[in-house]
Amino acid sequence: MTGLSILGVLSSAIFSGTSLLYTALGETIDERAGIVNLGLEGVLLVSAASGFAVTVRTGNPYLGVLIAMLAGGLMNLLLGFLVITRKANQLASGLAVMFFGFGLSALIGNPYVGKSIHALPRFELPVLASLPQVYASLFKFDLLIYLVLPMAFFVWWLLFHTRWGLGVRAVGENTDTAFASGRNPRRIRYQALLAGGLLAGLGAAHIAIAYAMNWTEYMTGGRGFIAVALVIFSRWHPLRAIVGALLFSAAVALQLVLQNSGISISPFLLDSVPYILTILVLIAWGGNRRQAAPASLGRVYQGSE
Amino acid sequence: MTQNIEAVSATKIALPRWMKDILRYVYMIALSFLLFGLILLVTGKDPIQSYRDIFSSTLGSSYGLSEVIVAMTPILLTGLAVSLPSRIMLINVGAEGQLYIGAALATWGALTFNTLPAWALIPIMMLLGMVGGALWAFIPAYLKSIGLVNETITSLLFNPVAPKIIGFLVFGFWHSPMDTNKTARFVEAARLPALFGTRVTVGILFGVVLLVGFWLFMRFSRWGLEMRAIGGNSQASRRNGIPLKAYIIIVFCAGGAIAGLAGMVQASGYYGLLLTNFSIGWGFMGFLICWLVAGDPFGILIMSFLVSVILTGGNLLQITRGVPYSIINILLALTLFVVLARPTFTIGRKS
Chain A
55 MTGLSILGVL SSAIFSGTSL LYTALGETID ERAGIVNLGL EGVLLVSAAS GFAVTVRTGN
115 PYLGVLIAML AGGLMNLLLG FLVITRKANQ LASGLAVMFF GFGLSALIGN PYVGKSIHAL
175 PRFELPVLAS LPQVYASLFK FDLLIYLVLP MAFFVWWLLF HTRWGLGVRA VGENTDTAFA
235 SGRNPRRIRY QALLAGGLLA GLGAAHIAIA YAMNWTEYMT GGRGFIAVAL VIFSRWHPLR
295 AIVGALLFSA AVALQLVLQN SGISISPFLL DSVPYILTIL VLIAWGGNRR QAAPASLGRV
355 YQGSE
Chain B
9 MTQNIEAVSA TKIALPRWMK DILRYVYMIA LSFLLFGLIL LVTGKDPIQS YRDIFSSTLG
69 SSYGLSEVIV AMTPILLTGL AVSLPSRIML INVGAEGQLY IGAALATWGA LTFNTLPAWA
129 LIPIMMLLGM VGGALWAFIP AYLKSIGLVN ETITSLLFNP VAPKIIGFLV FGFWHSPMDT
189 NKTARFVEAA RLPALFGTRV TVGILFGVVL LVGFWLFMRF SRWGLEMRAI GGNSQASRRN
249 GIPLKAYIII VFCAGGAIAG LAGMVQASGY YGLLLTNFSI GWGFMGFLIC WLVAGDPFGI
309 LIMSFLVSVI LTGGNLLQIT RGVPYSIINI LLALTLFVVL ARPTFTIGRK S
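These protein sequences, in sequence, are chains A and B.
The letter at position 215 of the first sequence is residue 269 when you use this note's numbering, and the numbering goes up by one with no holes.
The letter at position 155 of the second sequence is residue 163 when you use this note's numbering, and the numbering goes up by one with no holes.
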């Protein structure tokens, strides 16, 4: 493999990994607050469809991104209503949200199938502009890509260095203790879900408005599930998620290079790399008693009154 | 579930419990249909006409009813596949993957032994389907039994891998000369027999027999009793000499085997071939159905029937109302939301 093809893999991994990282960052916040969102696939689809529809209507991709975020937030709040207010089972509620997202996104996106949009503009960072054209064109990204790394650090700072993040983690570890120390677990979980939904919306916006630039049903292609796997892979840590997102996407991007160099590995098997890696990580860390999983992950908060 | 009963009985109305239960379900279903009606209205469709279409196309004719049974066959089985492990507090979110692998192994049987007569081939395929599902469930079960990784996460992560293996097998080896995404039609001996000249296959009978068997097993067998003990308090039952690890592995794999059988039934009965990405989420629907009725065998029967009415009716809605098929997922989801959110049904509440 030449240096150029390695950079090519990196570039395409960055392109496809961005949406994955945003989504996983959102899910990290959800899960740190103790809520598993299995409906992420549905959330992504609804955000992508709404963002795309608004972009077609207004011609403004940034407005589309904003609407996608709002849609993601709303979908997550819907999950919140079920699992926080109505105390429903998290896994079942997540799957119900997933089916809801399948349907709602098809309904929203149906009139916009085959429409074209002004995608998010791509530009070069001034530092890279001095590189030879062949390299520079590989690293000509849109705003969402440039923002994804700062966002990962922001989420890390938010979770580990602010009072709010402390509250989120406290609720995720032990709701009763968090309640006893004067926090409101329900409110914190709603806030975490909203934040997670906004981030998932950003991920979906990147898929629809910057990467694929069109709308088709089920276009997110399982990214919601990969993001859930990624959160586990990175053991609920926003910074480790950066590495994971690159690794997962590189596995897929590698297919093209391997095909060119004549090595035939079935793309289907490469597609399962993220899940296999995650399971291996789980096995490797499973024996360790100090697991990073939030202790009350998936548990219904029945109230401490 | 107990919460609902308390909530309903808190209304202090002297109705028998079964009547309250029925009223509650009627109320919840009506609520979800009302919500979906609003969505139809917003998108400019006539909700009343749409509902008339849904019901007349499903419950209004014997053909419609038979199509409901066709849709019900896989989800009845996957519902059971989730319910069995749930009895010893194991959460099987992996029915979707187990179904795929079951279908793959059964297909291998159909393609390899295609000269055998039906009376030999069908049981071989059933066995292979069950082995496939059980194999796919084995790793999560084993990791759980040695206390390493939670079975919920592993069985979930195995789901997306299974269709990719099917893709690998079909594209790489099994595809027919005409298509790259499906196998050639199975020979007639590899097809599950249909009943009464409809598209209903004997697969539905597998579901019903397993359901009754499951109920009898849990209620009257020694193993059922031990499983109930594990479900009650696993550590106490382990100290009383019940082999907990063996139960975890066997019961979880048995659940996987039932899901694998569902895959075999769909490949052999419904499609008559193996298609990549053929499941429309039957495994996940099974999970939802099981949770909604708390794993109760007869609840699974009723709930899978209800979900099938929605799925089948949606098919027609797509044709007559020009809506995308997947919006039937909305009606499905709304029904689930309403059941999950458990609205309290109160009539004539005092104060």
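Certain hints may be false.
[Claimed, not checked] Covered stretches of chain B, going by a simulated chain A footprint (3 or more residues, C-beta under 8 Å):
1. 174-187
2. 194-204
3. 230-239
4. 334-345
[As the list claims (entries may be wrong)] So the derived list for chain B, only partly shown, Cβ under 10 Å to chain A, looks like this:
5. I99
6. V101
7. I147
8. V157
9. A170
10. Q243
11. S245
12. G249
13. F292
14. L324
15. L348
16. A349
17. R350
It is worth saying that the hints were derived from the structure and are not from the lab.
If you're wondering where the values come from, they're calculated on a predicted model, not measured in any experiment.
The C-beta atom is built at its ideal place from N, Cα and C for all residues, glycine as well.
Tested hints:
1. Taking a C-beta to C-beta cut-off of 8 Å, the segment 174-187 of chain B contributes 4 residues in contact with chain A, enough for the three needed, and the coverage statement holds.
2. Three residues within the 8 Å Cβ limit are the bar, and the segment 194-204 of chain B against chain A gives 0, so the coverage statement is violated.
3. Using a Cβ-Cβ cut-off of 8 Å, 0 residues of the segment 230-239 of chain B lie near chain A, which falls short of the minimum of three, so the contact claim is violated.
4. Coverage of a stretch by a chain is defined here by at least three residues with a beta carbon nearer than 8 Å to that chain's beta carbons; for the segment 334-345 of chain B and chain A the count is 11, and the condition holds.
5. The interface hint given for I99 (chain B) holds, since its Cβ lies 7 Å from the closest Cβ of chain A, which is under the 10 Å cut-off.
6. Taking 10 Å as the C-beta cut-off, the interface hint given for V101 (chain B) holds, the closest approach to chain A being about 6 Å.
7. The interface hint given for I147 (chain B) holds, since its Cβ lies 8 Å from the closest Cβ of chain A, which is under the 10 Å cut-off.
8. A least Cβ separation of about 4 Å between V157 (chain B) and chain A falls short of the 10 Å threshold, and the interface hint therefore holds.
9. Because the closest C-beta pair between A170 (chain B) and chain A is about 9 Å apart, less than 10 Å, the hint holds.
10. Because the smallest distance between the Cβ of Q243 (chain B) and any Cβ of chain A comes to about 18 Å, over 10 Å, the interface hint for this residue is violated.
11. Taking 10 Å as the C-beta contact cut-off toward chain A, the hint placing S245 (chain B) at the interface is violated, the least distance being around 23 Å.
12. Nearest Cβ of chain A to the Cβ of G249 (chain B): about 27 Å, over the 10 Å cut. The hint is violated.
13. Among the interface hints, the one on F292 (chain B) holds; its C-beta lies about 5 Å from the nearest C-beta in chain A, closer than the 10 Å criterion.
14. The interface hint given for L324 (chain B) is violated, since its Cβ lies 16 Å from the closest Cβ of chain A, which is over the 10 Å cut-off.
15. Checking L348 (chain B) against chain A by beta carbon gives a least distance of about 4 Å; that is within 10 Å, so the hint holds.
16. Look at A349 (chain B): its Cβ gets to within about 4 Å of chain A, closer than 10 Å, so that hint holds up.
17. Restraint check, R350 (chain B) versus chain A: the minimum CB separation of about 6 Å is within 10 Å; hint holds.
Violated hints for the displayed structure, listed by number in ascending order: 2, 3, 10, 11, 12, 14.
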